Amino acid sequence: MTADPHLSSLAGAVIHDVVVPARAPWLHHIAAGQTLRIVDLEGNQAVDFLLYSAENDEERYSAQDTVSAQGNLFLRAGTALLSNEGRPMMTIAATSVDYHDTIGGACSCESNTLRYGHHTKAEHACVENFLEANLTEGRGKRDIVSNINFFMNVPVEPDGSLGIVDGISAPGLTVDLRAEMDVIVVVSNCPQVNNPCNGFNPTPVRMIVTAA
Numbered sequence: 001m002t003a004d005p006h007l008s009s010l011a012g013a014v015i016h017d018v019v020v021p022a023r024a025p026w027l028h029h030i031a032a033g034q035t036l037r038i039v040d041l042e043g044n045q046a047v048d049f050l051l052y053s054a055e056n057d058e059e060r061y062s063a064q065d066t067v068s069a070q071g072n073l074f075l076r077a078g079t080a081l082l083s084n085e086g087r088p089m090m091t092i093a094a095t096s097v098d099y100h101d102t103i104g105g106a107c108s109c110e111s112n113t114l115r116y117g118h119h120t121k122a123e124h125a126c127v128e129n130f131l132e133a134n135l136t137e138g139r140g141k142r143d144i145v146s147n148i149n150f151f152m153n154v155p156v157e158p159d160g161s162l163g164i165v166d167g168i169s170a171p172g173l174t175v176d177l178r179a180e181m182d183v184i185v186v187v188s189n190c191p192q193v194n195n196p197c198n199g200f201n202p203t204p205v206r207m208i209v210t211a212a
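Heads up: the sequence shown begins at 1 in the UniProt record's numbering, then just goes up one per residue.
Bear in mind the hints are in silico, worked out from the structure with no lab data behind them.
All values derive from a computational prediction rather than experimental measurement.
Some hints here could point you the wrong way.
[Unchecked claim] Computed list of lysine to any residue pairs in SDA-like fashion (alpha-carbon distance at most 25 Å, straight line):
no., residue 1, residue 2
1, Lys141, Glu157
2, Lys141, Ala93
3, Lys141, Glu59
4, Lys141, Ala63
5, Lys141, Val67
6, Lys141, Gly78
7, Lys141, Ala54
8, Lys141, Pro21
9, Lys141, Thr210
10, Lys141, His29
11, Lys141, Ala24
12, Lys141, Leu27
13, Lys141, Asp65
Throw the hints in and build the complete structure from the sequences for me.
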């Protein structure tokens, strides 16, 4: 039997393993000590990502606290993803991509219309995915905060301007996130087709959770 390359180097037993279709949402509870591996199956796929505490409804991922604490806009191996209470929620234990974005935000029907024209109004967007997934936990639009974009390339130019350009990922590349507290992970497998964040072709990703 051929070994599964996406499971290599994972130490704990696999307790959850699912492929999230292109354009789809995903939500999962992950206990402290467990590790989530996100696999970019076909390459160049942005994975929009939110974190909430499983114990405190008001505690969730904070881009501001995370960026301020590490003194860098980009997320790399070793980055602690901090909450609005300043506590580590998850840590990037390993990544086969040099860095990930925490400032580019999530696409919405409104932002698509503004950026790409009114004809995009009906296109599915990440904010809708977040809303759909969060409804199962009783959360609404006000609970959507600034998100992480794994595998997405948002360079910051010398003049401070941002760009959304071709990703730096490739088929089979991964990022591993170790839970530092009991968390709820919410993902939008980005459906954007109007800029190169998904290579203009959204594709599936794989979510693998391993025991502590």
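Taken at face value, is the distance from the CA of Ala63 to the CA of Lys141 at most 25 Å?
17 Å, holds
Hinted pair Lys141 and Ala24, Cα distance within 25 Å:
Since the Cα atoms of Lys141 and Ala24 sit roughly 18 Å apart, the hinted pair holds (cutoff 25 Å).
Lys141 and Gly78: Cα distance at most 25 Å?
30 Å, violated
Are the Cα positions of Lys141 and Ala93 separated by 25 Å at most?
Given pair Lys141, Ala93 is violated - Cα atoms ~30 Å apart, limit 25 Å.
Quickly compare the C-alpha distance for Lys141 and Thr210 to 25 Å and report which way the hint goes.
Roughly 30 Å between the alpha carbons, so the hint for Lys141 and Thr210 is violated.
Would you check the hint for Lys141 and Ala54, treating anything up to 25 Å between C-alpha atoms as holding?
18 Å, holds
Restraint status (C-alpha distance of Lys141 to Glu157 at most 25 Å):
31 Å, violated
Given hint His29 paired with Lys141 - CA-CA distance at most 25 Å
20 Å, holds
Pair hint outcome, Lys141 versus Asp65 [Cα-Cα no greater than 25 Å]
21 Å, holds
Are the Cα atoms of Lys141 and Leu27 separated by 25 Å or less?
Status holds; Cα separation ~16 Å.
Need the status of pair Lys141, Pro21: alpha-carbon distance at most 25 Å?
23 Å, holds
Run the distance test for Lys141 versus Val67: straight-line Cα separation, threshold 25 Å.
Since the Cα atoms of Lys141 and Val67 sit roughly 23 Å apart, the hinted pair holds (cutoff 25 Å).
This entry does not satisfy hints 1, 2, 6, 9, going by the numbered hints stated previously.
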